[in-house]
Amino acid sequence: MRNLSFLLQKFGFILLFLLLEGAAFFLILQRTNFQKVAFLNSTNELTGQVYSYYGSFKEYFYLQKENQMLAEENVRLYSLIQQSLRNFAAQPKGTDSSYRQVFTYTPCKVINNSLSKSQNYFTIDAGSAQGIKPDMGIISPGGIAGVVRGVSPNFAVCMSVLNTNFPVSVQTRKQKEAGTLIWDGQSPVYSKLIGIPNHVNIQVGDTIETTGFSLFPEGIQAGFVAGYKIDPDDGSYIILLRLSTSFTSMRQVYALDYIYKREQKQLEDSVAVDIANISNDE
Amino acid sequence: MMNNRNLVIFLRLLLLLLLDIFLVSRLEFGIYFVPHIYFFSLLLLPVRTKKSVLLLFGFFSGLTMDLFMNTGGLHAAASTMLAFIRIFTLRLYLAPEDEDNNIAPGLFTLGARKYIIYSSVLILIHQLTFIALEVFKTDSFLLILKKTAASATLDVLLLLFIQMLFMKPAKKKNERRKR
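Heads up: the protein sequence lines correspond to chains A and B, in order. Note that this note's numbering numbers the first sequence so that position 74 is 74, with each residue one more than the last. Offset between the second sequence (1-based) and this note's numbering: plus 282.
These are calculated hints, taken from the structure and not from any lab test. Watch out, some of these pointers could steer you wrong.
[As the list claims (entries may be wrong)] Computed cross-link-like contacts, DSSO-like style, restricted to lysine-lysine with a CA-CA straight-line distance of at most 27 Å:
1) B/333 x A/229
2) A/192 x A/174
3) B/333 x A/10
Keep in mind that this is a model prediction, so the values were computed, not measured.
Whole structure, please, built from the sequences with the hints as guidance.
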């Protein structure tokens with residue numbers, strides 16, 4: 001017994017070390033599953049508060065740039081209104097069920113942002129009390145920005161496009177050819193686009209936008225082609241994409257809610273169950 | 283006297299954490315340079331700090347950092363590793379009287395050459411653990427090495443800079459060091 005206590009005294013710190021490293025690794029592995037550790041990240045109300053103080057302080061330095069970006073966005077929105085007026089004039093009178101609203105927008109501000117990691121996240125100053133839910137898409141005036149992962153009453157943590165795990169499908173604006181956006185963890189300005197077959201005519205400067213298949217409505221800018229080469233393995237393009245959102249100065253963003261998401265998901269899940277049953281029967 | 287010293291250690295940790303969260307981790311030096319300064323407080327703990335205290339100090343200072351940076355347990359893992367390695371490396375650089383006086387290993391208490399080697403080794407270990415765990419998935423070995431080398435170099439410079447700013451050269455070796 002005395003030997004045991006002597007051993008513990010002498011080498012107990014190794015046990016403690018292993019225990020603490022174990023705890024740390026547990027937290028790292030849990031990180032991908034944001035809902036479970038909502039208490040351990042900046043959705044946490046305390047750290048959220050600290051960051052919103054910091055954000056409101058920092059805001060003063062960006063007012064000019066912010067104004068300019070909002071003005072540019074206004075110009076874009078005005079042009080949209082004119083287009084839609086023309087379109088609606090051609091429509092028959094009365095309520096038209098084919099023009100129901102599908103996406104709603106919630107304005108919010110980025111209060112914390114990271115750029116230099118492989119898995120980057122940012123925090124916004126709106127949470128479940130403001131109607132933010134997990135898996136909502138986030139867009140900036142420039143284009144796509146991220147997707148909501150964890151939500152607390154007044155804050156939400158979003159996975160940035162600058163994240164090697166960011167899931168989004170995009171297409172070329174001209175030919176509507178879909179590919180996958182993959183960030184390689186190198187630069188906050190560029191990303192990569194793969195999977196577009198080489199018979200498509202791609203030119204430097206072409207616009208890349210979202211497809212309607214994921215969290216975003218169709219046609220939201222993702223970036224512009226900055227260069228490309230052909231993958232020798234399968235003959236598809238590897239496109240270097242200049243992201244249209246300026247992540248280094250991102251402040252004002254909008255959270256998108258796809259109103260029919262639950263209905264769509266239920267339907268897709270039920271069909272998936274059917275297919276699974278059929279393949280089990282065979 | 284001990285209480286006073288503990289208070290100084292605690293305040294120094296707090297100051298370094300705040301500086302790191304709101305200033306250093308927000309500087310954009312490019313993708314390779316990701317400096318951190320909060321763990322300098324670990325390097326500066328007195329020589330006779332208990333091993334268990336050292337490990338817990340590392341873990342919780344890292345965990346606080348994780349809370350603010352959304353990094354899960356990356357900083358906690360790296361700092362605990364630093365504390366563990368410190369237990370073995372610090373012994374190599376101590377004179378017998380250093381241990382008796384319970385000095386805090388600093389630029390002027392250890393001497394420049396010993397101190398730079400001691401801190402470089404530990405900073406390198408911290409950055410390597412952190413970056414290797416962080417980049418883990420993309421299996422890019424070279425990127426990990428480049429990032430570690432760049433960040434660690436910047437960290438050593440930062441540490442020396444901070445030491446020169448805040449620590450007075452001790453007249454006598456056993457004089458208690460002030461911040």
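Fill in: Unsatisfied constraints (hint numbers, rising)
Failing hint: just 1.
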